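S.K.: For reference, the chains in residue letters:
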Amino acid sequence: MSTVTARPDSAWDRVKDFTPPPRYIPIIATFALFVGLFGVGGMRYDGLTDPQVLISLLIDNAFLIVLGVGMTFVILTGGIDLSVGSVVALSTMIAAKTLQMGWSPYLSIAAVLLTGTVLGLLMGLLIHYFDIQPFIATLAGLFLARGLTYLISVESISINNSTFSELAFGTVYLGDYYIRWTALLALAVVAIAAYVLARTRFGRTVYAIGGSESSAMLMGLRVAFTKVGVYVISGFCAALAGLLFSLYILSGNSLHAIGMELDAIAAVVIGGTLLTGGRGYVVGTLLGVLVLGAIKTLISFDGTLSSYWIRIITGVLLLTFVVVQRFATRRQQ
Amino acid sequence: MTQMTEPDVVTAPGTDPQPVIEMRDISITFGAVRALDEVSLRLFPGEVHALMGENGAGKSTLIKALTGVYTIDEGTVLVEGESHEFHSPAASQAAGISTVYQEVNLVPNLTVAENMLLGREPRRFGAISVREMNRRARRTLLHLGVDIDPRSVLDEHPIAVQQLVAIARAVDVEAKVLILDEPTSSLDADEVEKLFTVMRRLRDEGVAIVFVSHFLDQIYEIADRMTILRNGRLVEERMVAETTQLELVRLMIGRELETLERLDREAPNTEAESGTPVLKAVGLGRKNTLEATDLELFEGEVVGIAGLLGSGRTELARLLFGADHADTGELTVRSEKRRLRSPRHAIDRRIAFSSEDRKAEGVVQDLTVADNMLLALQASRGWLRPIPQATRTKLVTEYIKALDIRPADPTALMRNLSGGNQQKVLLARWLITQPDILILDEPTRGIDIGAKAQIQAKVAELAAQGMSVVFISAELEEVLRLSDRLVVMRDRRKIDERRNDDVSVRDVLEIIAGEAHPEGDPHA
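Chains as they are written, first to last, in the numbering used here: chain A, 1 to 333; chain B, 1 to 524.
No lab work stands behind these hints, which were simulated from the structure alone.
As the structure is a computational prediction, the values presented were derived from the model and not from experiment.
Be a bit skeptical, because a hint or two may be false.
[Said to hold, decoys possible] If you anchor each label on the Cβ, the simulated ranges turn out as follows:
hint, chain 1, residue 1, chain 2, residue 2, range
1, B, Glu156, A, Ile152, 47 to 55 angstroms
2, A, Gly170, B, His84, 55 to 63 angstroms
3, A, Ala224, B, Glu80, 23 to 31 angstroms
4, A, Leu187, B, Glu80, 46 to 54 angstroms
5, B, Ser342, A, Leu187, 48 to 56 angstroms
[As the list claims (entries may be wrong)] Some chain A residues close to chain B (C-beta under 10 angstroms, calculated; not the full set):
hint, residue
6, Pro21
7, Arg23
8, Arg146
9, Ile192
10, Tyr195
11, Arg201
12, Gly203
13, Ala208
14, Gly210
15, Leu218
16, Arg222
17, Leu274
18, Arg279
19, Ser307
20, Tyr308
21, Arg311
Backbone N, C-alpha and C fix where the C-beta goes; we use that ideal spot for every residue, glycine too.
Sequences and hints are given; from them, build the entire structure.
M.R.: The structure is reproduced here in structure tokens:
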């Protein structure tokens, strides 16, 4: 026995004996699910295994990735942001309207980002200083932003600014494959968010608040700043996602992105972030968005299934993940 | 240094350096209640300063005033002679004041190292250096003699370890003042000793330590100086060595000790051990919780269960009450062999159980005193048969009076009562159901000496009236004072059972330590 253990472990032994820390299990499960979806799909449908399909998944869901990143910050503190779908719609509308009025596209982009950030700031201040439930405060934000969109224009406004079109179709070629820079921007947002959450005091305070807000306060952490900050980030991300969405769809419309906040929440939860806060990673959210996108892709590849199956499968997945998380956290206690 | 004339302040001649903290005439008012009334406190470097007083005396308020949680209405705080105002915990921490609260105020979802260094993580190029953080955490933990992996997640560890992590966090800032608010209430003897070692080391390094504990022995073991509070006012500042325990208790409760003395019970009730037991457990056990245990309980008898934290004493109580299911053995209640499937079952058989965790399993903070008291009775009647208003009023008034619950207001919200009074309400809740068998798990933990004495007196009185009581407490003196028979537990099993005639704390400790003679040996 001792002779066996005295020998240095071979690489395979180490792989074999590796057990991931429990906090990574949800993310690994999501990743496995994603790989599984593509594996099964690849066997059934030709062309699904083409890497371009995978890249397209990123391109088509760039806005949802950015939206999910902002939502992850909020959910990690134990809050929720229901306003983001409406902020996306408002962003498309502000972009379309200002461009129609002849603003410079850069000024237009700045206006959109500023609006989303300020909305997030207002909701954050309400939530922290007036102690209003995030659910209610952001529900008010949802109605407000949607209403403002109608106020700007009831009709759909198309975007035909040349700079915007160039941005929208800006493409980077990687050998035989191509990726739009909107997708690269989304990945950059994920990377920055992951860095902020893991390696800055702000990020760690986000987790601390999710674990126990009163403890975080007694530990002398900057609770107020951080709590308001996550809603500012979510508002900014929603505005950025709105820009990406308007580049994707090239119009401003008050009917855009209805219910998109729920897609974002679903992606965050499927990505392994606990709704009660304190546990989760933005990489999980990225995987969550990709899983949702993969379901859509699979169903469109199949061609025989109606699109409502997307909703049904999403619902089942969401439920499964929440139940699995429940068991995982209960076992630890 | 100006000598204060009233109240007395002891000045050890020539040895008093400048206090690191001096709080002068601090007053704090909450609504109509004056929580602190011109209280002063002086903390000297290199001293352990005990803050003494009953529950509700204002200890916690004073601490929270110093740590910036509460705003001071009147009075001044001097830090090394200079006036300071703390408007937030962060400001107080920046001035070198670190606090460890009674409840572990850490974040369960992060690692041990993060919990120690959150808010002051070592950074390289603006980014938190995880490696450096773990290294620093490990060093501090080793300094304190705590051997755990700083990378592990906090909620993987038992409460006692989490408490030590909280202290490690407080120590890491190289605090000038370390406030320990009842750090020992969830620690066992070994862990307390470890904590004291750490405290002495820090004291010798020049830290001023504020120590709050309900265990007088601990105060006398570790503290140098003490400040005694009563009803939000300063009673006296004293040197511990110059004050006897009796004097201290008198200063704290401000009344004569007849309640305590009344308890010096006559010989144990030996007649009890005859006839059929009201409760009999044979081989009662549960996997990974408790080894097969026998226990008999006779009418009018108090059986005390002694043992360290984790010895299985709480687990036994829970099995007796049916709160957990036994895998093995059987339970006989009044010669009726029944498997207790649930607490409801037990209540129907006139068994009552007051849990050790009164916060989580006992009181409902947002209900009134009256509602809390009547909860168990209402549950046993079923929700469709409300208790008549007249009966409610009568019962509640009666028990508020019998147990001296303060405030004597049935409509007061539970959360506004002190720990001792909450415990009395819990006791009342079960007494109202008129049980034959009362299981009390740590009924006096964390409560002040006056309330403690009243609860003990009540238990003794009930037993004299024929109630059978299982009494569990970490305080051996208390178990010995009350019990007719003594059961000692260790490592999840019963290791000894003997009649309580002249058993001393030392005897029990020897039994627990495994040095005592086996049962039946004459000990002389």
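S.K.: None of the hints should be skipped; say for each whether it holds.
M.R.: Quick rundown of the hints versus the structure:
no.: 1; hint: B/Glu156 x A/Ile152: 47 to 55 angstroms; in the structure: 53 angstroms, holds
no.: 2; hint: A/Gly170 x B/His84: 55 to 63 angstroms; in the structure: 57 angstroms, holds
no.: 3; hint: A/Ala224 x B/Glu80: 23 to 31 angstroms; in the structure: 29 angstroms, holds
no.: 4; hint: A/Leu187 x B/Glu80: 46 to 54 angstroms; in the structure: 53 angstroms, holds
no.: 5; hint: B/Ser342 x A/Leu187: 48 to 56 angstroms; in the structure: 54 angstroms, holds
no.: 6; hint: Pro21; in the structure: 8 angstroms, holds
no.: 7; hint: Arg23; in the structure: 7 angstroms, holds
no.: 8; hint: Arg146; in the structure: 35 angstroms, violated
no.: 9; hint: Ile192; in the structure: 12 angstroms, violated
no.: 10; hint: Tyr195; in the structure: 7 angstroms, holds
no.: 11; hint: Arg201; in the structure: 6 angstroms, holds
no.: 12; hint: Gly203; in the structure: 8 angstroms, holds
no.: 13; hint: Ala208; in the structure: 4 angstroms, holds
no.: 14; hint: Gly210; in the structure: 7 angstroms, holds
no.: 15; hint: Leu218; in the structure: 5 angstroms, holds
no.: 16; hint: Arg222; in the structure: 8 angstroms, holds
no.: 17; hint: Leu274; in the structure: 8 angstroms, holds
no.: 18; hint: Arg279; in the structure: 5 angstroms, holds
no.: 19; hint: Ser307; in the structure: 38 angstroms, violated
no.: 20; hint: Tyr308; in the structure: 37 angstroms, violated
no.: 21; hint: Arg311; in the structure: 32 angstroms, violated
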